Every structure is written in C-alpha cells, then in structure tokens.
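Guided by the hints, dock chains B and C onto chain A, whose structure is given.
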Amino acid sequence: MRYLPLNEDDRAAMLDRIGVSGIDALFADIPQEARLDGLIDGLPTHASEMDVERHFTALSKQSLSAGDVPFFCGGGAYRHFVPASVDHLIQRSEFLTAYTPYQPEIAQGTLQTLFEFQTQVAQITGMGVANASMYDGSTATAEAVRMAARITRRHKCILAPGLHPHYSKTVCTAVEGETVHIQAMDPAMGEDRTIAQELDDDTACIVVQNPNVFGELVDLAPLADAAHAVGALLIAVTTEVVSLGLIQNPGEMGADIVAAEGQSIGNGLSFGGPYVGLLACRDDRKFIRQAPGRFAGQTVDATGKTGYVLTLSTREKHIRREKATSNICTNSGLCTLAFTIHLSLLGACGFAKLAELNHARACVLADRLDALSGVEVLNTSFFNEFTVRLNGDAAKIVETLAKKDVLGGIPAARLFGGGPFDDLLLISVTETNTDDDFDALVTALQEAL
Amino acid sequence: MSKLYFTEDHEWLNVDGDTAIVGISTYAAGQLGDVVFIELPDTSKTVAKGDDIAVVESVKSASEIYAPVSGTITAANDALEDAPETVNDDAQGAGWFFKMTITDTSQLEGLMDEAAYAEFTKE
Amino acid sequence: MAMNSTGRPTAPAQPLDPGADLQTFSGSRGLAQVEPLLHKVGSPEKCGVDLADVPNHTARLGNLKRQNPVDLPGLSEPEAMRHYVRLSQRNYAIDLGLYPLGSCTMKHNPRLNEKLARLPGFADVHPLQPQSTVQGALALMDELSHWLMAITGMDAVALSPKAGAHGEWCGMMCIRAAIEERGELGKRRRVLVPQSAHGTNPATAAACGFDIDELPADATGRVDMEVLRRKIGPDVAAIMLTNPNTCGLFERDIREIADLVHEAGGYFYCDGANLNAIMGKTRVRDLGVDAMHINLHKTFSTPHGGGGPGAGPVVLSKRLRNYAPVPYLVRDGQSLALVEDEAQSEAKPFGRMSAFHGQMGMFVRALAYMMSHGSDGLRRVSEDAVLNANYLLARLSDEMSPAYPGVCMHEALFDDDFLKDTGVTTLDFAKAMIDEGYHPMTMYFPLVVHGAMLIEPTETESKESLDRFADTLLALAKAAKSGAAARFTEAPLLAPLRRLDETRAARSPVLRWQET
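Chains as they are written, first to last, in my numbering: chain A, 1 to 449; chain B, 450 to 572; chain C, 573 to 1088.
Looking at chain A on its own, in the form it has when it is part of the complex (with noise of 0.2 Å):
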C-alpha cells in the first residue's frame, strides 16, 4: 500500500518493544461480539493510482460541466474565472497540509494570510472588522442572525422576501435550539421594502439580501434606519461578492453585520462546496465579543517583531464550552486563501472593472432576451443576475435547453417550490460568457419557447 511505510519487520520490530504478541492485543479492548474478524463486506480491496483515476475519470464525464457548454446558472454560486497562479500557491504544501494555526511562531504563513483576507473582506464589504471566515454564506447568515439576538438580547427575526430560500431554511434550522423566533416573509420580487412594517421591539435583526434572490438590487439604507430606530440590526446578505466592486456596499448603507458567499472570488463552483462564508460587523467591542468563529490579530513576539495570533479564542467551544458564541471550530482555511490570492491579484481596479465587466455583459444579454417573444426580464435594476419571466414552465425549458447542450439558468421553482414561480427563470452572466454563449442561449430559447 503506497501511503504506508511500515513493513512486516517494523511491524514486527514494534510490537516486540511494546511488548505485545500481535496486533490484536492493542485492540483488546473492543467487546468481543463487536469484533470485525474479516474484512469489511460489500468493498474492494486497494487499488493504485491509476486505477482510482481511472474511475473518477470515468464517473467525472458522466456530468456536463459548465466549462464544456453556454452556462448561464447563479443563485448563490457564480461561475467566475480564476487565475492559474491562484491554485498553484494554495496547492503548496506548507498552506494545503497545515492545521488550525495553534502554534502561531510556525504558522505565521496562514496566521498573515489570515490577517490580510480579514482586512480585504472589511473593505470590500465596508464594515470594521471581519472574521477569518465561516462554511458558506447561508451558514454566516445563520450565525449572523445568532448573533444579533446576542447583542440585541432580542428574539425575533425578520427575514426578507428576497433571501435565498435555502439560506432562508438554513437560518431557520440553525435557532430551532433556541428562543429565536424567525419571521420568513413571503418571497416575492421588488417586496424588499416592506420588511420595515414588520419591525417590533423584540426584533433582534433583519435580513436583506442584496443584490436579492431574484437579482434585484435593494437600497439597504433606509432598512437599516427603521431598524435601528426600533434598537434593531441589519443584516446584509450577499450571494455574489463581486458586486461589491460596483455598487454601494452594506457598510456604506448603515448595515450592522454582513454575511457572504465569498466563493465567487478564488474558488469554482465544485458542487456546492467547499465554499468560504463571510461575516464582517461593526468595528464595536460588543459585536466582536458576539462574533462566531475565529479571528486572527496583530500582536508582537517577545522580541518586538511584529506577528500575529489567533485572537478573542475564549469565545470559542474550546474554552466557553457550552456558553460558547458557536460551536463552530473549522472555518474554510484553504478556500480562504484562495480568496485572498485572487483578490490581490484583481485589486481595487481590477476588482472594479470585473464587476463592470459582469453587469455590463449581464445587460447586454438582458436586453436580447427582453426583445425575444415569449421573455421578459422583470428586473428594474440588477448586477449579474436577473429574473425572465418565460411563456412556458421554466423547469422543462431548461431541461430542453440542458439536452441542447446549454445550461440555460435555474427555475425559480427548484428554488421555491412551485406554484407563482413556475414559470421564472434566474439568469447568470459573468465574465466567462462569451457573446457566442449569447448567441446559443438565445437560438436554444427560441426553439424551446
């Protein structure tokens, strides 16, 4: 077996100087009855290295992958073009076989990293401070809302007609322990505003999405002035970071905590996951305190060298145990990092101009579709993302189009459930798309309509 050094003599060697007849004494202590004798049944023995990649290769051609064909899907996951020097630094052993950075004086490599993806979120995102990351953005968002009843010593929850539905589920699956009370509105498109009739004061904090579900754009600022006048926070969600590049950010538009999907920057689209979650809030020793996950800090070593730490850990399961602000104790080291990279690489310009570049394209398509019979865009303002309404049941329509080889969008009913939405199409473009995707997009949409 190739990963396995030991041979029958050190094997051999070894239990002479424990002491022991066989390996079986060192597994004594499993009860009798539950002794596994044989092997495992139902499995394969070993196999090598070119037989396993034989397989996956295999299984991996059993699905169209966005790269192959006109790919036009987004709802929280986005398909962005990542540079090539983004996956060779994060594939250096020193960041891909490291731990947790619990012995800062030899992991200052992840610990600066850290530090300067922390700073980078800040000021994208506009607000004081930023956390060394969570799972994905609906896992932030659940731990955002968490956190707000914290500070707020509140119990209610108001969710906006825009949210991600998942997010939505995933924020109401994460307080069913405890005596938040989550208020999901209705989805429905443009509704945004009225979130603010719904404020109370037991409400702990709402949550916008923005730009929304359906690709809308929301003006977060006068949310976040009705719930602060009611003592309540804002909670800015956002799903595609990249529009951070062109419109106002959450900071910017008074919001108290942001919670992202960072993926969109350094990392593919990888099924789902693993994804790198975002959670900036008030640079206010009270949301710190309240913050879940980890941070990293600047400090000095015993010499006066500048270093870093992580920081605030009594917060944390390890120390808080029970009382802690989450149980939370991985965060996305690795796909952190690719955020990182990626996003010097772009830098404030190129960041500006690849989010030009998405929704300039984005409504180059939006007006061919909009002159199409049979489509209409509903948005009045998006970034990258919009919402057609098409004359037919979106779901079989892009599954016509998914046989024609283009990966036309997602049916706002996989989203929602059916009824109102069925006939709704979610529309992504970004800088991958090129004007021959256009093209397919529209003749497959023409045929199928």
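The hints are simulated quantities; they were obtained by calculation from the structure and are not laboratory data.
From a predicted model like this one, the values you see are computed outputs, not experimental measurements.
No incorrect hints appear here.
Computed cross-link-like contacts, DSBU-like style, restricted to lysine-lysine with a CA-CA straight-line distance of at most 30 Å:
#, chain 1, residue 1, chain 2, residue 2
1, A, 286, B, 498
2, B, 509, C, 1050
3, C, 1053, C, 1035
4, C, 687, C, 1035
5, A, 305, B, 509
6, C, 687, A, 61
7, C, 890, C, 920
8, A, 396, C, 920
9, B, 494, A, 156
10, C, 992, B, 509
11, C, 920, A, 156
12, C, 1053, B, 571
For chains B and C alone, coordinates are given in the frame of chain A:
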C-alpha cells in the same frame, strides 16, 4: 464601618450596611493570569445568590462571576472595560466589579473573613 | 598550463563566530525571507489579471452605483507569487515533518486526491444544474455513502454537514427531532457529556437547546460507569461519547453504555473524530451507536488547509434515518436524484444545514483515499496508526509519564508529572520541540489530565521517523530533568518568531490593517 467577606468562588465583598462592593480576590486574579476582558452586569438588575452575572476572561480562560448574595446591582466599574489589567494590578481595590444592595444580610453568615479565606486558599 | 586566476574560492572560509547572531541589513536571513503585509506591498492600481474591455451598455444599477472607489491592494502575478510563496515558508506542514497533534490526525495527504478533485465533472459543476446533467457527481456521492455505511455498518448517511462540529449538530438535531416526534422534548432535557470531550460536544448540545451534564472519567481514563448509572434516567436525551475517547482509549464498556442509554429511552451520539483508529476492526453499528459524524479531513485524509475546509458526513441508525436533513440522495430507477425540499420528502427531515449539498471537493478526495486503500488497506490503516502510537508510548515512557497505564489506541497521552520541579511546563516543552524542527503535540487537552500532552503520529510515519522523534523527545525530557530549563522557557529560539504576546492581542485587538 465596612467589613470584608470572601466566597469559596474567590469573590470578595466589602459590606457596609446593606450595600456591598464586589470583586475577585488577589489570589484568583493571580491564578487567572492576564485578564483581558470583563463583562459587567447591567445596573439595576435584580440578582439571586448564585446567578452568573458577569464574566472575567484571561487569554486562555473564561470564568463566571456569581452573585455572592441576592440583591440589586447599583453600579458597575465601567473603567475595567478599557483597562482590564486593573484586575491584575489591584484586584481588591480599583479592580472592583460592581456594587449592589443586599436583600438579606443573613446570607453573609456563611462567608469567610480574610483570615479564613487565606486559610482556604492554602489548601 | 593555462591558469584561471579569476575563479572563486571553493572551500568555505573559517566560520564567523558567532554567526548566528549576525544582524542582517535586509531583515531576511538567508532563505528565511521577510515579507511585509499585503497592504504594504500592494497598491490599488496594480493588477495581476487581464480583463476584457467593458462592452457598451445601459447600466441598470438604480441609484446604487458605488460612489467611492474600492480600497484594496493589488499585485502583479510575479509579485503575488513571491508574496505568498514567502509567506508559505513561514508555516510548518505535514509535508515538512511529523505533525503529532493528538485528535487532529495529521496524516499524509495523497496528491492523487487533489488531482481528482479538480476533474471538471466534480469541480466545474453547479449545485443547481438540472439533475439530469450531474449524474456523475451524484454517483460519486452515492458511492461515498456506500463506503461510509459499509465501514460503519449504519443505515443512512447525511452528507451535507460541512465540518465535524456541523456534523455533530446534524446528528444531535436528528436526535432532537426523534425525541420531539415522541412528544418528549419537554422532558428529555439532559445530554451526558464526558469531561474529556472536545469542547464542540457541549457547545453542540447547547446549540440544540439541551442541558449539559458532565460525566467524570474513572481512574483508567474512561467513563465512570458508576456515575453514569446514577445519572441515567428518563430525562436523558442522549449521551455524546467520543470513541476511542480523547485520552486515546477505547471505551471498554461501550456496549453497556449504549444499552443503558437505550433502556432509558435516549440515544447514543458518537463523536467519530477518532474513527481512524478502529475502521475495519469494528463497526460502530455493533457498538450500539445511533448517530456519528465522520471527519473526512481526519480519517480520510482530505487536507487540513490551515484550518479547513472540512467535511462532516453523519451516519445514522434506522431509528434516526428518517430525520436526516435535506438535501439527500435517492435512487430513482437508473438515475439518482436529490430531494431538496422538505415538502417533497417522504421522510421527516429536521431541516436544512446549508445552501447546497455539502463539501463535494472533500467527497472526491475522501473517496479516492478509501478506494486506494480498499477494505484491506483501511483495516491496515487502523492497525498501523495504533501500532505507531503504542510504539511511541512504549519508547517515550522511558522518560515521560503516561497519563494512564496500559496500551492506547491511535494516540498516546502523557501528563506533566515528569516535568515536576524542573521549572519546565507543558507549554515550554512543546515550544522546545519547535526548535528541534517538530510541530508540538496537542497540549492541555483533554482537560482531565494535568498538563496533558496528546501525541498522534498516524499510520503514515515510518519507523525511522518515529525513532528520530522519540530520540528527540527523550533527549528533551532528560534535558528538562537535568536543569536546563532556559532552553525551554525561552523557546522557541530558532523559529521565524519568538513567543507571541497573546495578552496584548486580546486586550487591544488589532483585527485588520489600517492606514496610520
């Protein structure tokens, strides 16, 4: 004339009539190491003996502060929020946590005086 | 002959003494390069990505167009390569040396797995593509489920949890849902958790709304059965037990523990963090477990990546399988499908863990690892992991003090008794290991042992590597006992940085760079 009491949870109370100033002992502050954060109770909060009402954190530990007796919180030492090191420097003086009025002074009877506490921490 | 008088000397000059104290002008020291923060080396106008021209368009941003420029440092590609390569060199890693972090399972990460995870049919598919177009990805998830169920003997698996703690929460929520369906949520409030448990266990139970009741360890480092018998009762929802436990010991009475909990109407949650010690040697089903998460990043060697991403699938018994969260996989004739909506489910899912289907990238790596080993190799993995740990336990016991008598499973636990009166603490000892070129072991965990040092070598260390490690630790222990305290209390002296001021970091947190 005030009197100093100690609890088995290493808190001290300086009692004058039915009011008390509460903090953690010099011994406890030494055991915790460098104090980095203190969460103080809200003033005017009514507390029962044994409630956890505050938290003191060092780099590697977090400890609950319990209400030593029942009563009402009347003041919190806000200066600690910006200068938690005061607890290490002067635990039984400027490092006090909060002031309270005592509902039932008979609850003081089970507590230790300075000599008894010194004996208690020797064990 | 022709003499070349412009050559350079080829033998070293007499060494400068003391060379180690040489202060350089650049701050770098040979291969140890200094690298400032990104925000000091980058600038907003620099860019390492070429982007196409923006086409003519009528913007549709409402009134939300950004008014202020973004503030972000940028780097060209060569600058970025250098920045991050230099930073990487300030990290310890498995590929550099033995990484004996107990309970973290730092084993070799095969590069085949990295390659396969990047195949487009896994890496470049969207979670919400039509399911007819992702049958290969779904088949991979199905195969992974099959392997996990075969290894554990359990009846179902929930794949979506994104890490160990997320998996714990998933398993405990299944238990909560089952109790709720029985109408007993009001009365079954208590979850029993051993004091030796990882902090995530009580944090998870609390997050599910349960009260925590701690179980002490007995003199052998296992659950104190007398206390357990006393504490068990009709208000117990579950026990959360790590097995092998965090002391590196197999819970001998596990069957009786399971029976006691089941007879009282509760459930047995097993923390599967240490599955790597027993796979192929026993099946958790046969131990009476109802739910267990599996850390793919430990047992099945998906890389730790400096703190993630992980993956924490949960295997479930028949009693709990109905409550697994959405989305989950079902077979529909020849094809596979995901049930994504609770309303479409024929079961009673407790909810949804996250936006999509789980950590696909980790699934590929874990399955590649399992298939490479096969049923024979996985059993061998457990055996070698346990053998390596016991070999270290035997060798190190010459100078160090084992916390408990007898053999261990995959990790060896020591206390700080051997450092008594030396002026050296567990922390000092660990930091001295850094100077010797080793990552320290897990320290001060589990909490039930004074000054704990938990050493897990894993099966991917050779005997030669273990011997070098043992020789080093034995020499350090002897040095500590012979009064050489200074090399410990000052350590590390040879790492990129000396000990860091954590008090300062926590008292006045600096969590981001800011222009001064």
